[in-house]
Amino acid sequence: MDVEKLFVFLTIGVSVSAIYAVSATGLVVTYITSGVFNFAHGAIGMFLAFVYWELSVNQGWPVPLALAVTLLVIAPAIGVALDVLVMRRLVQGASLATKLVVTLALLVVFQGAVLGIWGVELRTLPAFLEGRQYSLAGLQITYHQTITVLAALVVAFGLRFLFKRTRLGVAMRAVVDNPELCAVKGLSPNVVTAASWAMGSSLAGLAAILIAPGLNLEVNTLSLLVVSAYAAAVVGRLQSLPATFVGALILGVSGELVGAYVPAGNEWLANLRPALPFVLLFVALLVRSETRLPEKLKTHAEPAPPPLRTGIVLGGLAVGVALTVSGGLSPFQLLIGSKGLIFACIVLSLVLLTGLSGQVSLMQMSFVGIGAVLVGKLPEAFPYPVALAVAGLVTGLVGVLVALPAVRLRGIYIALSTLAFAILMDKIVFGNRDVLGGGTTLAVERPNVFGLDFSSERALFVVLAVVAVVFANLFLIVRRSRFGRLLTAVRDAPNACQTLGMDVTRAKLKVFFLSATMAGVAGAFFGGLQSRVGQLDFLYFRSLTVLLVATIFGITSVSGAFLGAAFFVVLPELTRNADSAGGQALQPLIIGLLAILTARRPEGLAGRLRAALRPALRRVIGFRPVASRPELPIELSTTPEIDIREVGTVGAAR
Amino acid sequence: MALLDETLIETPLLELRGVRAGYGGVEALHGIDLTVPGGSMVALLGPNGAGKTTTLRVVSGLVTPTAGSVQLEGNEVAGASTVALARAGVCLIPEGRGIFPNLTVRENLLMDTYAAGRSVSQVEEVAYARFPRLGERRGQVAGTMSGGEQQMLALSRALSSDPALLLLDELSMGLAPLIVEELFAVVHDLTTTGVTILVVEQFASVVLDVADHVVVMAQGTVRLEGRPDDVRDALSAAYLGGEG
Ligand SMILES: Nc1ncnc2c1ncn2[C@@H]1O[C@H](COP(=O)(O)OP(=O)(O)OP(=O)(O)O)[C@@H](O)[C@H]1O
Ligand SMILES: [Mg+2]
Numbered sequence: 001m002d003v004e005k006l007f008v009f010l011t012i013g014v015s016v017s018a019i020y021a022v023s024a025t026g027l028v029v030t031y032i033t034s035g036v037f038n039f040a041h042g043a044i045g046m047f048l049a050f051v052y053w054e055l056s057v058n059q060g061w062p063v064p065l066a067l068a069v070t071l072l073v074i075a076p077a078i079g080v081a082l083d084v085l086v087m088r089r090l091v092q093g094a095s096l097a098t099k100l101v102v103t104l105a106l107l108v109v110f111q112g113a114v115l116g117i118w119g120v121e122l123r124t125l126p127a128f129l130e131g132r133q134y135s136l137a138g139l140q141i142t143y144h145q146t147i148t149v150l151a152a153l154v155v156a157f158g159l160r161f162l163f164k165r166t167r168l169g170v171a172m173r174a175v176v177d178n179p180e181l182c183a184v185k186g187l188s189p190n191v192v193t194a195a196s197w198a199m200g201s202s203l204a205g206l207a208a209i210l211i212a213p214g215l216n217l218e219v220n221t222l223s224l225l226v227v228s229a230y231a232a233a234v235v236g237r238l239q240s241l242p243a244t245f246v247g248a249l250i251l252g253v254s255g256e257l258v259g260a261y262v263p264a265g266n267e268w269l270a271n272l273r274p275a276l277p278f279v280l281l282f283v284a285l286l287v288r289s290e291t292r293l294p295e296k297l298k299t300h301a302e303p304a305p306p307p308l309r310t311g312i313v314l315g316g317l318a319v320g321v322a323l324t325v326s327g328g329l330s331p332f333q334l335l336i337g338s339k340g341l342i343f344a345c346i347v348l349s350l351v352l353l354t355g356l357s358g359q360v361s362l363m364q365m366s367f368v369g370i371g372a373v374l375v376g377k378l379p380e381a382f383p384y385p386v387a388l389a390v391a392g393l394v395t396g397l398v399g400v401l402v403a404l405p406a407v408r409l410r411g412i413y414i415a416l417s418t419l420a421f422a423i424l425m426d427k428i429v430f431g432n433r434d435v436l437g438g439g440t441t442l443a444v445e446r447p448n449v450f451g452l453d454f455s456s457e458r459a460l461f462v463v464l465a466v467v468a469v470v471f472a473n474l475f476l477i478v479r480r481s482r483f484g485r486l487l488t489a490v491r492d493a494p495n496a497c498q499t500l501g502m503d504v505t506r507a508k509l510k511v512f513f514l515s516a517t518m519a520g521v522a523g524a525f526f527g528g529l530q531s532r533v534g535q536l537d538f539l540y541f542r543s544l545t546v547l548l549v550a551t552i553f554g555i556t557s558v559s560g561a562f563l564g565a566a567f568f569v570v571l572p573e574l575t576r577n578a579d580s581a582g583g584q585a586l587q588p589l590i591i592g593l594l595a596i597l598t599a600r601r602p603e604g605l606a607g608r609l610r611a612a613l614r615p616a617l618r619r620v621i622g623f624r625p626v627a628s629r630p631e632l633p634i635e636l637s638t639t640p641e642i643d644i645r646e647v648g649t650v651g652a653a654r
Numbered sequence: 001m002a003l004l005d006e007t008l009i010e011t012p013l014l015e016l017r018g019v020r021a022g023y024g025g026v027e028a029l030h031g032i033d034l035t036v037p038g039g040s041m042v043a044l045l046g047p048n049g050a051g052k053t054t055t056l057r058v059v060s061g062l063v064t065p066t067a068g069s070v071q072l073e074g075n076e077v078a079g080a081s082t083v084a085l086a087r088a089g090v091c092l093i094p095e096g097r098g099i100f101p102n103l104t105v106r107e108n109l110l111m112d113t114y115a116a117g118r119s120v121s122q123v124e125e126v127a128y129a130r131f132p133r134l135g136e137r138r139g140q141v142a143g144t145m146s147g148g149e150q151q152m153l154a155l156s157r158a159l160s161s162d163p164a165l166l167l168l169d170e171l172s173m174g175l176a177p178l179i180v181e182e183l184f185a186v187v188h189d190l191t192t193t194g195v196t197i198l199v200v201e202q203f204a205s206v207v208l209d210v211a212d213h214v215v216v217m218a219q220g221t222v223r224l225e226g227r228p229d230d231v232r233d234a235l236s237a238a239y240l241g242g243e244g
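Chains as they are written, first to last, in the working numbering: chain G, 1 to 654; chain P, 1 to 244.
Bound conformation, chain G alone (with noise of 0.2 Å):
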């Protein structure tokens, strides 16, 4: 074996860890003082590293000057901004769902600002002391390479020195304890979790200067590194910081001895190399147990479900307008229209998901292309239906087993693991030339069933709004079911639900089944409707357009999945006059801002709808839809939560 090469990697290897670790601490100290993971985390560094090259190469401005002010003026401010805008009116009893939503809506909103700033041209970093270099024992080092290690050391050790040396470090440790007791002792936990914050938006500026100069300064390369930082944090439970970088110093060196030994002419083994922190997250969820946390959650309130007869007769009454109407319909009006019901499916098996079991999936847009790429890889011998049916189960299955390794634990690893799986997918299905990548798309055929061929505009449009009130009516289903409330009651109280002997990990598979399935169903006809689909088709930040998108809407109904389907298909309709790089980063803005501000309340903007149209309807029909549950004294915003310590030695008292 080649001992120099592998030297020369380890070096490489070395360096990397320690921008992936300098990102983890980040992440991890804004988790423990605020009890936030922030998946804006990579995008903040991102959008600073901008600043930094806006200052240093454009401005012009010495190096030493441009860190100085990116670092330490800069991003505390950015810091703090988000902590007294967002963040702090978050930490009181907002649900894992809304705490998750706001930080990938931040994600969204920095990238979006990034595009509307600097827009989409290539730029590129250069190192610290570019190109300069010092051998030792025969490895040529550079410059940047020492610097980041270096960088990587000061920070750990300057932590260490923070936390136990410094009133504001112990002052942090303190807020983690017990922040009300903070208070009683004059010190406000705000300014502590303040500082944090500050603190961790230094972090990831620093990691993303770092690193930037060996890739290209670009929107999503940049926001992505977090991943590893993600996988890192995770090895240190999320919690603690050594256990963190001996993380980060497993990804980093083990992501370039791949690079270095695994052969390149394997077109999926090439792909491993990028997709490995998504791997090593995931293997890093796999080996981890935790003692459950009391979780504190809230309830909210949904609309009580219609009866079975209401939800049937108001989806054959849909299918007949839109049968009778699409007649009079454009090709380009109906594509419109099938667009919009698809995008429908998609939401409805998250309000399923998301609205219903509290769990949160960001890659449902994946979940559509394995449904898409499925019906169009299956042999032409293979009737539509069974292909169909293929396609929702083997989908279903893919949901079951991204599900598996996290589904015992906290809610926020579902989320991460959903996530890496996106990327993941991403990397080497999507984009494998052996499936769709390399520009490649694949035709899907439309719909046709025992000779019967629905695949005009018209047809399919119908066939479309057929589908999402079977959607609709299978959800409604499922949340009047005895399973359904067995959701709910894994979703508001989950460990007073184990404590009482329910099987909550079967609970949760079996909704993760179910959801997924769907969105491979609606991923088969979304294939059909645009005859070819392509690997940008299913990114992974589409997923998190579509979970914003229900967000805002309502992620607990079905009129907030139809609302949301609308705004989808007319969203790009309004930001489309403006010019390129501004509506690519109007989109993201508008998105994401909207969810930061809706957030707060999951029955979304369908929910206040109905509470704004309820007493009118009550006066011109009598209509008077049944609470879901019994009305209380109070108001629901002051709803108490449950505590589930509480609940759970009820439990077991019993």
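If you are wondering where the hints come from, they were derived from the structure by calculation, not from laboratory data. Positions of the beta carbon are idealized from the N, C-alpha and C atoms, including for glycine.
Some chain G residues judged to face chain P by a derived CB distance under 8 Å, without partners named:
#: 1; residue: R167
#: 2; residue: V170
#: 3; residue: A171
#: 4; residue: R173
#: 5; residue: A174
#: 6; residue: D177
#: 7; residue: N178
#: 8; residue: L181
#: 9; residue: V184
#: 10; residue: K185
#: 11; residue: G186
#: 12; residue: L187
#: 13; residue: S188
Over the 10 Å line for every Cβ pair with chain G, so calculated as not near, a few chain P residues:
#: 14; residue: T191
#: 15; residue: T192
#: 16; residue: D212
#: 17; residue: D230
Restraint-style ranges between C-beta atoms, simulated for each label pair:
#: 18; chain 1: P; residue 1: S146; chain 2: G; residue 2: L397; range: 51 to 57 Å
#: 19; chain 1: G; residue 1: E54; chain 2: P; residue 2: E136; range: 53 to 59 Å
#: 20; chain 1: G; residue 1: L308; chain 2: P; residue 2: R17; range: 55 to 61 Å
Put chain P with the ligands on the given structure of chain G with help from the hints.
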């Protein structure tokens, strides 16, 4: 004129008038009147769920009253922030253990410097002088100490921060009589230095001998108040009559 002078001198340090407060819309205090003259020690007694802790939480700003007034040295403080009140000298030693379990003894004392305006070495000196057992354990993680030691650590804050008003919530909870005696000896010393104290206890015997004035609460209202000797006799009746 003499009357006016007397009221001026006796402006109470803490005065609650008609205070109502609750949690999430469920009222726990239904109009509490309470006066704590400066330099005195008032005991607040009552059965479980009477609202004693809630009263202290209102005074320390952790719960905002929905009605009524809370005055500290004549200034209205209802709605003031906990942090501001702590810095103004309101020192709450909360129910349970008022410590950070994952911090060491020394680090816990470091957290006392925020309200005290003293350096950590001064805070340590005072605490270790009064509780030598803490001095022996300064590097120990606080959560691993015995209940009594944890309570000493919590009480240390009262020693070094010169509180204007000390609020003690069930100092004796779950502790052996000997330790309780030791802690109350410290509290007694504090009264002699002029600290005003409002002390909550479930068990009357601990405080009846040391308090100047006793208030008995039940179900969110004040049921009885007076000098310790007067209250002592009526007390069991209040406990039994808690339902009516
Ligand atoms: N965080 C809370 N949320 C909801 N209700 C609460 C909360 N804390 C107290 N309560 C309620 O307020 C009422 C008064 O409680 P409080 O803790 O003030 O009583 P207490 O007199 O201190 O009782 P104990 O002697 O048991 O400590 C009780 O009915 C209690 O259930
Ligand atoms: Mg109490």
